[in-house]
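*Asks:* Protein chains in written order, with the numbering used here: chain X, 2 to 147; chain V, 2 to 147; chain C, 2 to 147; chain B, 2 to 147.
Since the hints were derived computationally from the structure, they do not count as laboratory data.
Please note that a few of the clues may not be correct.
All copies of an identical chain are treated as equivalent in the list; a pair is satisfied when it fits inside any one copy or across any two copies.
What the hints assert, rightly or not - As a list, the in silico SDA-like pairs of lysine to any residue whose alpha-carbon atoms are at most 25 Å apart:
1. K73 / A140
2. K73 / D141
3. K73 / F138
4. K73 / R118
5. K89 / H63
6. K111 / A140
7. K89 / E75
8. K111 / W41
9. K73 / R31
10. K111 / T65
Protein chains: 4
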Amino acid sequence: MPSNDFTITRRVQFAETDAAGVLHFANYFRMMEEVEHAFWRSLGHSVWFHDGDGVISWPRVHCTCEYASPAKFEDELSLTFRVARMGKRSVTFEVDFHRDGLRIASGRTKAACCAIRDGAFRSIAIPDNVRCVLRPFVADQASAAP
Amino acid sequence: MPSNDFTITRRVQFAETDAAGVLHFANYFRMMEEVEHAFWRSLGHSVWFHDGDGVISWPRVHCTCEYASPAKFEDELSLTFRVARMGKRSVTFEVDFHRDGLRIASGRTKAACCAIRDGAFRSIAIPDNVRCVLRPFVADQASAAP
Amino acid sequence: MPSNDFTITRRVQFAETDAAGVLHFANYFRMMEEVEHAFWRSLGHSVWFHDGDGVISWPRVHCTCEYASPAKFEDELSLTFRVARMGKRSVTFEVDFHRDGLRIASGRTKAACCAIRDGAFRSIAIPDNVRCVLRPFVADQASAAP
Amino acid sequence: MPSNDFTITRRVQFAETDAAGVLHFANYFRMMEEVEHAFWRSLGHSVWFHDGDGVISWPRVHCTCEYASPAKFEDELSLTFRVARMGKRSVTFEVDFHRDGLRIASGRTKAACCAIRDGAFRSIAIPDNVRCVLRPFVADQASAAP
Numbered sequence: 002m003p004s005n006d007f008t009i010t011r012r013v014q015f016a017e018t019d020a021a022g023v024l025h026f027a028n029y030f031r032m033m034e035e036v037e038h039a040f041w042r043s044l045g046h047s048v049w050f051h052d053g054d055g056v057i058s059w060p061r062v063h064c065t066c067e068y069a070s071p072a073k074f075e076d077e078l079s080l081t082f083r084v085a086r087m088g089k090r091s092v093t094f095e096v097d098f099h100r101d102g103l104r105i106a107s108g109r110t111k112a113a114c115c116a117i118r119d120g121a122f123r124s125i126a127i128p129d130n131v132r133c134v135l136r137p138f139v140a141d142q143a144s145a146a147p
Numbered sequence: 002m003p004s005n006d007f008t009i010t011r012r013v014q015f016a017e018t019d020a021a022g023v024l025h026f027a028n029y030f031r032m033m034e035e036v037e038h039a040f041w042r043s044l045g046h047s048v049w050f051h052d053g054d055g056v057i058s059w060p061r062v063h064c065t066c067e068y069a070s071p072a073k074f075e076d077e078l079s080l081t082f083r084v085a086r087m088g089k090r091s092v093t094f095e096v097d098f099h100r101d102g103l104r105i106a107s108g109r110t111k112a113a114c115c116a117i118r119d120g121a122f123r124s125i126a127i128p129d130n131v132r133c134v135l136r137p138f139v140a141d142q143a144s145a146a147p
Numbered sequence: 002m003p004s005n006d007f008t009i010t011r012r013v014q015f016a017e018t019d020a021a022g023v024l025h026f027a028n029y030f031r032m033m034e035e036v037e038h039a040f041w042r043s044l045g046h047s048v049w050f051h052d053g054d055g056v057i058s059w060p061r062v063h064c065t066c067e068y069a070s071p072a073k074f075e076d077e078l079s080l081t082f083r084v085a086r087m088g089k090r091s092v093t094f095e096v097d098f099h100r101d102g103l104r105i106a107s108g109r110t111k112a113a114c115c116a117i118r119d120g121a122f123r124s125i126a127i128p129d130n131v132r133c134v135l136r137p138f139v140a141d142q143a144s145a146a147p
Numbered sequence: 002m003p004s005n006d007f008t009i010t011r012r013v014q015f016a017e018t019d020a021a022g023v024l025h026f027a028n029y030f031r032m033m034e035e036v037e038h039a040f041w042r043s044l045g046h047s048v049w050f051h052d053g054d055g056v057i058s059w060p061r062v063h064c065t066c067e068y069a070s071p072a073k074f075e076d077e078l079s080l081t082f083r084v085a086r087m088g089k090r091s092v093t094f095e096v097d098f099h100r101d102g103l104r105i106a107s108g109r110t111k112a113a114c115c116a117i118r119d120g121a122f123r124s125i126a127i128p129d130n131v132r133c134v135l136r137p138f139v140a141d142q143a144s145a146a147p
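Pulled out of the complex, with its shape left as it was, chain X reads as follows (with noise of 0.2 Å):
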């Protein structure tokens, strides 16, 4: 359901790059972050969602990338992100990297649905007002069933 993509565009930056020359492999998780909290914005909510007197947040439970072509200072990328899947309790999103219409690389994570108080994490059930937010862009569509 490409319909549902949400892109940004984000340049590579020199503190970025390391001695290779190259953007260093940890900071396309953190552009992978950066895209995702982007698509939050986009639909006026923010990450970090405040629910009556607590904080609802999305730690990881697992992450990865997949490395195709390596991307250099300047470079201008553009991020592709789409949530793949939502569980009862857990969110899959996933992010295309590509530069001048090449894929460079593709990334998923898996966040659950937390409630967090005095810096504990407790997973919870994704709430209805979240959930309702989030259906529409959900591509497998099953899995984001009431």
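Starting from the known structure of chain X, fit chains V, C and B onto it as the hints suggest.
*Replies:* Chains V, C and B only, in chain X's frame:
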């Protein structure tokens, strides 16, 4: 083959934490690289290997990390590294993160052996002298056969 | 000479915060570099300047930042860059950080013009073609005299 | 008063280098913070100091670094920390970076003693128990008088 594991201790630094009060998830990948490079040094090598007139190094092909429990500022983590597999042109490393004997995360990296010249990476077969150095440490010995 | 200022907008990303809940102080220096590089690009240049068979760039000699008020996750900052001074062999840049019209930090960077070859840096006089490009933007015009 | 200096050894990691092949200039500030925190730990404290029902910490007011010579991947640096001055409400730290006995950089940090509650920072006089701990290490003893 636990005897071939290689372990370092690494304290979580303040700049590595985030506003959720925990070690930011992307920094586990930096730590996975740190223990890998420490492993190479323990063999008297560097991950940057000068071979003839070029440099051989190991760009990442695929990385993954699974998070079981968060880490906090000043936590002293134990990072245990092993060479899971050595193919003709790539190696697979695994790292377990422990705190006080409890496993808090596990990562896996597949890296390709590449010749680097003028900023370009070219995949090559792992040179014999490197295979010899790594072979005793490979957990899956069948993968490391000459 | 405010008309020569160059401004970009930059949102604070989650990975840039720390466990105190604010933008980590070292990341202001990364942002100072980002606006500097955006300034070069706005002139149709790059901070990495190929000149003949070598590369000219601007390693830092001295950096400073003064912090007036913290910034938080998702704050939209305005970074205003100016070339304060241009000497024979170095330039001094200044960056002001504002949020909602309030100045929250100010930095200053002295960078030396260097020829880079084989990883070695050699201080050189700023080439004439670079002086010409920068001169109209220098706040202290006396320092920029030919 | 060299006997009050505090020194750690710190290897330059690959993710800390940049495409110029050297330790990125912003990472010196992260290292300055690391040796400061190691100093606090050497006193049996943490930079995060629980005092009554609040937390006391030391946000930066002003930071500076002067760079004399670049550092490269795997360089083993010696970071020497000292408390230059202790005022009523702030302290000034200095850090020298050496490699093989050669000073390659020097930094200076002024940090304000602050009570932190609900994410807000409030400047306070340095509590007596903290003054007592720091006083023997202050190079400018006149500044540390009770």
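*Asks:* Which constraints among the numbered hints does this structure fail? Numbers only, ascending.
*Replies:* Per hint list: 1, 2, 3 and 7 violated.
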